[in-house]
Amino acid sequence: MKSQVIIDISYLKIMGTGHGFTSSSIRFNLSEEDGKNLHEVWPGGSRILVDLIPGEGDEASGAAFYVKRDGNPRISSVEFENFCIDGLHFCEDGSGNPNPENTYTNGKTGIYVDTANDSFRINGMGLVYLEHGVTVYHADALSIHDNFIAECGSCIELRGWGQASKVTDNLLGAGYKGYTIFAQNFGGLLIASNNVFPRGMSSVHFDGVARSSITGNRFHSFYPGMLVFERNCSENLISSNHFYRSCEPWAPLKNYGNGLDDQFGLIFIRGNDNSVIANHFSEIVDIENLRPTGVRPVIIHLVSGHGNYIAVNHIVAGTEAAQPENAESCFSTQVEAMLSTERSETIAFVAVQVEGEAVNNTILDSGTDAQVMVDKKTNIFRALPEPEM
Amino acid sequence: MKSQVIIDISYLKIMGTGHGFTSSSIRFNLSEEDGKNLHEVWPGGSRILVDLIPGEGDEASGAAFYVKRDGNPRISSVEFENFCIDGLHFCEDGSGNPNPENTYTNGKTGIYVDTANDSFRINGMGLVYLEHGVTVYHADALSIHDNFIAECGSCIELRGWGQASKVTDNLLGAGYKGYTIFAQNFGGLLIASNNVFPRGMSSVHFDGVARSSITGNRFHSFYPGMLVFERNCSENLISSNHFYRSCEPWAPLKNYGNGLDDQFGLIFIRGNDNSVIANHFSEIVDIENLRPTGVRPVIIHLVSGHGNYIAVNHIVAGTEAAQPENAESCFSTQVEAMLSTERSETIAFVAVQVEGEAVNNTILDSGTDAQVMVDKKTNIFRALPEPEM
Amino acid sequence: MKSQVIIDISYLKIMGTGHGFTSSSIRFNLSEEDGKNLHEVWPGGSRILVDLIPGEGDEASGAAFYVKRDGNPRISSVEFENFCIDGLHFCEDGSGNPNPENTYTNGKTGIYVDTANDSFRINGMGLVYLEHGVTVYHADALSIHDNFIAECGSCIELRGWGQASKVTDNLLGAGYKGYTIFAQNFGGLLIASNNVFPRGMSSVHFDGVARSSITGNRFHSFYPGMLVFERNCSENLISSNHFYRSCEPWAPLKNYGNGLDDQFGLIFIRGNDNSVIANHFSEIVDIENLRPTGVRPVIIHLVSGHGNYIAVNHIVAGTEAAQPENAESCFSTQVEAMLSTERSETIAFVAVQVEGEAVNNTILDSGTDAQVMVDKKTNIFRALPEPEM
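Protein chains in written order, with this note's numbering: chain W, 1 to 389; chain S, 390 to 778; chain L, 779 to 1167.
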């Protein structure tokens, strides 16, 4: 498409015949030789090729689908289903990235909803190579379900404020610069059963979010800061999630990261009365890759707030096992890294770090006495039992 | 539709091109001025306008879709997908409700399945302004998935008996008189990843249900009695759910409720061997709104039964923060209420109340000694640790 | 179909108008009298009748849909949606089964993916009476979501190796010989919100699987060995699942089983650093049905490995209540068995059995001192508190 589709009516459904996701990232990092023998490039079918030229500093102008309507009722029941929005290429971003296709920057957005909305659905879509996948302001009863949104700068951004929505059962993975799932001033958001893979700057980032749930997700990241709660996020539930942090195994992207060090925490919390219960954490990183050098990596970092409840989380930390020699194929490299648990050696870690500003929190059965950094005078702590001598 | 659709054959799929949900509740409570400027009313597309006249005392006669077939095999594989069933209006109910559109009463049902059935699917539907959304007798392997069923008297009722079904990933919200999810004599029901909003009389109501799961849901209610287990519900799992109870913030419905007081419990259990593990509870209510006056609200109320296991639940109780002056818009009012956690002040509460009839239950790490009312001679109790002095 | 559909192109969607699942198992076990009066047999619509003759020892030849393509990129974005693949009949298997329709053997497969693949989707399908439902080698970002795959020898087999996929929100149930969900050398698999019913040899079987999640599922089985981790499965999360094991109540299949005895464990683990948190177990079996005679059935069996974390699991064990006289109808028999909790009597059981090879594991709040068999010198154990005297 050379121009934007503008939607200003309710009860509209835009539907394709296939989500059409294919990895552009793998394609654009193939050797010249391999690149010549590809079966298909820009395949047809229900694939929107986004060939817009976004206006400078005008994010909305780069949106393939732009939704806006004021007045009553709020625009309702717009559905996007089962087609592909493909941003085609990333561009130079001034960072000196030798391959512009790895910048995650092109000013394009797949779906941009600008005004308060109700009961939208985004289902079975494929979004790829967009700087922003889905951006929705002022959502109510939004459902983003069973999509494949990956190799985008950011995948899902719920901005402004909103309530009572769900982001469920998606395959997601942002670029190293962006958000995988971002929500702002949101109440009652359910983030469940998603499989979130690298390399997002974060897996979930909440800014002023309350009374929301992050349950039953599988998160994999190459950096610290997988889950970030900033600016007073309160009364949220983080339960039954699998957090796996490893190091970038793929040659073309080894030089990139989100800039956070290992003291930041795999999860970082500012806020009150949150629950972190029954999660699994695997921090898998070689000691020489820890930053700053010699640090014990922090898993749960409680920076400020009271009344948080952190219980029965299981934390594993170990070295990466030896990498395969030939790390050219992204797929086999990642699988190999993921399965090589046997050669891993335990490393020291901080299970929970509670800063001085944080008081009246409860930490139970999530680390030994040596693994939990907390002022026991101002917080409640029960250590994991230690072996009998 | 002026007359009912009767279905008596298997392998039928009824499919639309959009779930079409829009809030009638908001529309019918607009000022006259605002009501004049609406963009659309009764929009077209795949919307069934249910204009039946239900027979007195004949619930089935008010069903838009009525399914009945006896004999073998049970009627199978009927699918409803992606259209809207709209009951249009509620009626006078004799309660003196000044706006009949707020009574949740009109004798209409969206889908009514009267005989034993197998492998039905209800997906991507929108149901609104029906006294009963979906009523299914004798379900086996039923899937109710990814629908928007709200502003109905009751949303989902699984009656008679049934087994091995799922209610997953829906947006749901009943009226103050009805059930959001109701199940009777059911085994093996999975209720997962739903986002259930007010104002149902309850969020989940089980009557004689066994070996079922309520996991990973987000529940929001304006009254006590969010989850009710009556008549021996046993061996059920309630895990990783977020329960948020606040008070009605929207002017047109402030006078309605489910009649239960704050001693009833946010969850109310009669039955044996249930598991309540790793849930978050937020009870947010101003002290002057508690009933009876001066009571400490009860969160988990174990009324009768043995062998129940209640562990690592996190309970938060506080005051509502100040309401916005202008509470006319339902959306902004609710979002404001949901996000205003910072000004909240802690209130006293009963974390778990175990009645004398209930013995041999186990309560761990879900409340302090002062917050749990239990006979420690007949039940097992480990209090949350308290701060060191 | 008399011949196979071969797929060797990407971006293909094969779509029907109904999942069409109906129980063949019930039909083929009706009395002759009842069999005469059936409403329909082999109903039409979007139903593929698989009438292939598989080649001896050539599994792929029995596949209704066979997918294979080498080279770059991997074959991507093939979707199967909302139709039925029906294997028609099972055959003699040499076991002397009096009814060949109960052998779960016919050499047929529904969907067979033979080469490395990316972003496939299988949604809303019905698969029945196939020896193998879905077999996928070398999957990446596969989604198997919201299907009904039952009365198949095995339902879902992820073979070879793979990563970052999801099996979510399905209704599943294999035969007594096969796997319900099987995965091999897989990393980052999310198995969530499935309702898995009998009679699979196992509900989930992992062979060398790491960093994967099994969360929020409802599992029902008629045999021990519901969840099996073989050959070093590590850093997996098993959380918020409901495990219900009962005994076969339906006459035609009472003589079949998976051959495992009650010492095997409902869950059987070889591997390191796994998490088993916040699950419910109901082991419901009459004492005379336990094998070997007089044994206490084992619930969680930790056979080898270190660093496993088993916490806040609730285990219930009791007798089956009396069976109804007339056990001819599969549906009513199962519902009756499932709901009859009131007459059940407690039986002795082993909550967790930790073998001598397994060291440095942690077991918390999942059984009393008498119920957990563990060497406390080499593992960490906190018993459930016992009643005060």
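Hints are supplied without guarantee of correctness; some may be wrong.
[Said to hold, decoys possible] Here are the computed distance ranges between Cβ atoms for each label pair:
| no. | chain 1 | residue 1 | chain 2 | residue 2 | range |
| --- | --- | --- | --- | --- | --- |
| 1 | W | Arg291 | S | Arg732 | 51 to 59 Å |
| 2 | W | Glu355 | L | Met793 | 51 to 59 Å |
| 3 | L | Trp820 | S | Leu427 | 31 to 39 Å |
[To be verified] Calculated lysine-lysine pairs in the DSS-like style (CA-CA distance at most 25 Å, straight line):
| no. | chain 1 | residue 1 | chain 2 | residue 2 |
| --- | --- | --- | --- | --- |
| 4 | W | Lys36 | L | Lys846 |
| 5 | S | Lys425 | W | Lys68 |
| 6 | S | Lys766 | W | Lys13 |
| 7 | L | Lys791 | W | Lys13 |
Calculated directly from the structure, the hints in this document are not laboratory data.
We put the CB at the ideal spot given by N, CA and C, even for glycine.
Discussion item. Need the status of pair Lys766(S), Lys13(W): alpha-carbon distance at most 25 Å?
Written reply: It is violated: about 61 Å lies between the C-alpha atoms, which goes past 25 Å.
Practice prompt. Given the range 51 to 59 Å, decide if the beta-carbon distance of Glu355(W) to Met793(L) lies inside it.
Written response: Holds, since Glu355(W) and Met793(L) (Cβ atoms, about 54 Å apart) stay within the stated range.
Item to complete: For the pair we were handed, Lys425(S) and Lys68(W), check the Cα-Cα distance against 25 Å.
Response: Given pair Lys425(S), Lys68(W) holds - Cα atoms ~21 Å apart, limit 25 Å.
Worksheet item: Does Lys13(W) lie within 25 Å of Lys791(L) when you go C-alpha to C-alpha?
Response: Between Lys791(L) and Lys13(W) the Cα gap is close to 19 Å, so the pair holds against 25 Å.
Worksheet item: Are Lys36(W) and Lys846(L) close enough, with their CA atoms no more than 25 Å apart?
Response: 21 Å, holds
Worksheet entry | Status of the given 31 to 39 Å range, CB of Leu427(S) versus CB of Trp820(L) | Distance hint for Trp820(L), Leu427(S) is violated at roughly 51 Å.
Item to complete: Return holds or violated for the Cβ distance of Arg291(W) and Arg732(S) against the range 51 to 59 Å.
Response: 39 Å, violated
Of the numbered hints stated above, those contradicted by the structure are hints 1, 3 and 6, listed in ascending order.
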